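J.: Here's the letter readout for the chains.
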Amino acid sequence: MRLPERAAPGLRPARTELAPPDFETFAAARWPRLLRTAYLLTGDHHEAEDLVQVTLAKLFPAWPRVRGLDEPDAYVRRALVNNNLSRFRKRRVVQLLTPRLPERAQEGGAARTEERSLLLEALGTLPPRQRAVVVLRYWEDLSEQQAAEVLGCSPGNVKSQASRGLRKLRDHPALAEFQPRPGREEPADERP
Amino acid sequence: MNAPDPGRPEDDAAASLRRALRATAGELAPPPYPAERVRRLGRRRVRTRRALVAVPAAVAAVLAAVAIALPQWPGGEGLPAADSAGGEALGPRATPSLAPAQPAAPSARPWPSVRTVGAGEPVEIGRGQVLTLGADQVCHRDTTEPGGGVEDTCKSVSDGNQAAGSVSIQSSGALLRPLYIGPGRAARMTVEVDGEVLRAQVLTLEGNPGYAVGYAWGSGVSFDGPTPKVRVSDAEGKLLAEFP
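The listed protein sequences correspond, in order, to chains A and B. Residue numbers for the first sequence follow our numbering, so the first one is 27 and each next one is one higher. Residue numbers for the second sequence follow our numbering, so the first one is 67 and each next one is one higher.
I should point out that these hints are in silico values taken from the structure, not numbers from a laboratory. Everything numeric in this text was worked out from a predicted model, so none of it was measured. Where is the CB? At the ideal position from N, CA and C, for every residue including glycine. The reader is advised that the hints may include incorrect statements.
Here are the computed distance ranges between Cβ atoms for each label pair [to be verified]: (1) B:D260 to A:T151: 19 to 25 Å; (2) B:K304 to A:E147: 36 to 42 Å; (3) A:R91 to B:K304: 52 to 58 Å.
The whole structure should be built from the sequences, with the hints applied where relevant.
T.: What follows is the structure in structure tokens.
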């Protein structure tokens with residue numbers, strides 16, 4: 027993994043005096059979150075594990091430099107998304123069909139499992155970059171500017187991709203259960 | 067980011083999508099962080115990159131020395147061209163498959179016997195592909211990739227993300243790999259693609275590891291087409307799992 031010659035915004039050298047974490051601490055702390063982002067990018071938990079492992083393995087030798095950046099998270103997120111996109115470019119995409127994730131005891135049963143499976147199918151209909159935009163904007167909650175920095179494109183491009191992606195997904199049955207209803211409270215952000 | 071405006075169709079759709087993404091991603095149970103594996107992969111990447119830089123320089127130096135030392139071949143070329151028709155060219159050599167794709171006639175042929183391998187033992191399955199079975203994961207390496215296949219891609223078989231008693235199927239190029247997880251003793255696996263039934267070679271660990279993998283060679287399956295059908299049975303022919 028090569029650092030850009032000119033650091034993009036968010037990839038500036040750190041200004042804080044706090045000692046940045048060592049690689050193991052950083053990677054272990056980010057692992058669940060990165061895995062979930064990769065899951066939404068790939069649609070498959072196995073592929074997600076591979077993608078995050080490879081991304082972190084590339085980060086490992088570069089960590090002495092990356093840890094000094096202002097936002098190592100932005101760098102890692104960018105690497106994750108680019109590694110995923112390069113899988114498509116190199117046509118090395120491994121396709122996998124898997125039974126649906128088993129229902130967890132605390133979850134809401136088969137209907138919810140069905141909805142989640144539907145959502146992954148819906149995401150799978152988007153082109154890879156558009157899917158990345160949707161995940162960055164609506165799962166990672168990045169601004170258009172931040173998403174543009176991750177993808178190396180203009181905020182306007184992110185805006186149009188997000189709009190197109192949203193238009194494709196809004197009428198998909200996958201989102202029906204999650205439509206806002208009168209009196210329904212917005213759940214607290216429980217993202218892991 | 068603009069402030070959401072509930073009631074606007076786009077904002078409602080965005081809010082719905084956010085909820086749906088949270089619910090879906092939250093469903094995933096992350097396995098423990100594989101620290102040792104990431105470190106190993108990282109170190110291997112460094113070694114490979116150094117080798118990739120060093121080898122071309124060394125080869126260039128040797129070729130230059132040879133070109134100077136050798137007499138010119140008839141026709142003016144310093145070195146003979148590789149005979150591409152002879153199959154021993156400089157490129158990767160095709161390796162015969164251990165479980166070649168065959169036309170469907172399953173009942174006429176004996177089933178390939180289950181191959182029991184040691185944990186961590188790399189198993190060459192042909193065409194430059196290597197599988198390694200472990201107690202908690204199955205790893206795959208494509209040695210035809212640049213650098214000889216630097217990275218294993220490993221799948222956890224114990225993280226609970228694939229239910230017990232089920233089978234999944236993975237394809238990379240022509241390689242089809244069913245993965246059965248469950249208490250049964252898988253002995254037969256078939257993958258049906260476009261009406262063609264392939265018998266997969268089953269690999270397992272000694273004892274009862276709770277899973278088994280198979281491999282077979284198709285003709286570059288795309289899952290965008292008809293969904294492949296996978297069946298896993300034990301030695302008596304009792305169905306253990308099927309997909310879809």
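J.: Is 19 to 25 Å a correct range for the gap between the Cβ atoms of D260 of chain B and T151 of chain A?
T.: Roughly 22 Å apart at Cβ, these two residues keep to the hinted range, so it holds.
J.: Range first: 36 to 42 Å. Now tell me if the beta carbons of K304 of chain B and E147 of chain A are that far apart.
T.: About 32 Å separates the Cβ atoms of K304 of chain B and E147 of chain A, which means 36 to 42 Å is violated.
J.: Has the hinted range 52 to 58 Å been met by the Cβ atoms of R91 of chain A and K304 of chain B?
T.: holds (56 Å)
Of the numbered hints given earlier, the model fails hint 2 alone.
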